[in-house]
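Protein chains in written order, with this note's numbering: chain A, 1 to 74; chain B, 1001 to 1347.
FYI, nobody ran anything at the bench for these hints, they're computed from the structure.
Backbone N, C-alpha and C define an ideal beta-carbon position, used for all residues, glycine too.
Careful: at least some of the hints might be erroneous.
[Unchecked claim] Heads up, incomplete: computed chain A residues facing chain B, CB under 7 Å, no partners named:
(1) L11
(2) C13
(3) P14
(4) V32
(5) T34
(6) D45
(7) A48
(8) L58
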Amino acid sequence: MSAHVLNARRLLCPLPVIRTQDKVKTLQTGDVLTVECTDPGVMQDIPAWCRINGHKVLETRAVDGEYVIVLEVG
Amino acid sequence: MSQQRKAVALISGGLDSMLASKAIMEQGIHVEGINFFTGFCVEGHTHAIRKQDADKVKRNNSLWVAEQLGIKLHIIDIIEEYKQVLLNPKHGYGANLNPCLDCKIFMVNKAKQWMQENGFDFIITGEVVGQRPMSQRKQTMPIVAAESGADDLLVRPLSAQNLPATLPEREGWISRDKLFGFSGRSRKPQMTLAKEYGFTDYAQPAGGCCFLTDEAYSLKLVDLWKARGERDYDLDDVMLLKVGRHIRPKPHFKVIIAREDGEARFMSGYKKEFMSMNCASHRGPLALIDGTPSEDDLLQAAQITARYGQGREAEQVEVTIRDRDGAERNVFVKPLLADEIPQEWFV
Chain A
1 MSAHVLNARR LLCPLPVIRT QDKVKTLQTG DVLTVECTDP GVMQDIPAWC RINGHKVLET
61 RAVDGEYVIV LEVG
Chain B
1001 MSQQRKAVAL ISGGLDSMLA SKAIMEQGIH VEGINFFTGF CVEGHTHAIR KQDADKVKRN
1061 NSLWVAEQLG IKLHIIDIIE EYKQVLLNPK HGYGANLNPC LDCKIFMVNK AKQWMQENGF
1121 DFIITGEVVG QRPMSQRKQT MPIVAAESGA DDLLVRPLSA QNLPATLPER EGWISRDKLF
1181 GFSGRSRKPQ MTLAKEYGFT DYAQPAGGCC FLTDEAYSLK LVDLWKARGE RDYDLDDVML
1241 LKVGRHIRPK PHFKVIIARE DGEARFMSGY KKEFMSMNCA SHRGPLALID GTPSEDDLLQ
1301 AAQITARYGQ GREAEQVEVT IRDRDGAERN VFVKPLLADE IPQEWFV
């Protein structure tokens, strides 16, 4: 298992989802990916994308206009 | 045991593709969704940017539809490839810069490639004969099938009984009798079917999911091409045309003025790509300057920017002008009066 960070700041949905999807394709099951965004839409969209594609959301947080989602690749 | 057949569905996030997918899933076919992002999709972006839309649920409808259906969704970035569709549409444009027929052909072709690469058997769309004036007419639906290369692997479950039988129907993978014969612009058959399937929540038909169908947006894009002397764009152009007031006092520069805090926040991400300015002595909007303004032009841009701040009635407003590298300087200007900004400056 390894940890990865994806910078998806300044992108508007669905681009953060697309970048997350593309990054996850390169990872292994059990890897953890932290996605850093500025579009509040990701708080809905990335968890939805995870649910339908079998990945697990470990954490979501919003701090000072930034939105961070931590997921585990399923 | 018969082979498990698989279909890829073009999921827009609207009701029709949701129903079309469900109709095929009901016949025991494994369905996965595909959604193409051109950059011009209305979905999400402006809702995320503009404060006035803050109360709207910030969901992506294609993801939401996939979740309701219980299928996987693959979102594909086609921004670069889509340029050729928009810039050179073989079948021309609709009322604005919407190349609907070429767009549909392109997307079905991309879906066919995806189908072949991923071992799927056929393609589903939510198209209905006569539903839309350009891409969903009786005459154009065969064109989509033929020019996309999908031919008889393209199934339109909602209108299938109005169209020639496709390969999946002829081969018995799906039953034509369990497909539908919807046609025309009425939404009643779809709403009845949605009720039958137990779908109580779905995106309302909004007369287009693409900014290119919007007259104001199309005019801004044409203005951009004219100012640059070439018909080209990148994603930042596409995004910035969706926000702010666009005011072009001279052919070689344009002022983009944030209309509210949400837009200002979004536009502040472009301070390294554009010169920017905002009022220093009063509350006022962020403005980005696109083009090659002279020093006098910048003063004029500052007067325009001041016009949209709380100092609009003041004799003098201090405006901070910021270069792309972050260097700042302040100037003092008299805000333009409303009638000093001619209507033709507004893009």
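Task: Those earlier numbered hints the structure runs against, lowest number first - done: Numbers 1, 4, 5, 8, in rising order.
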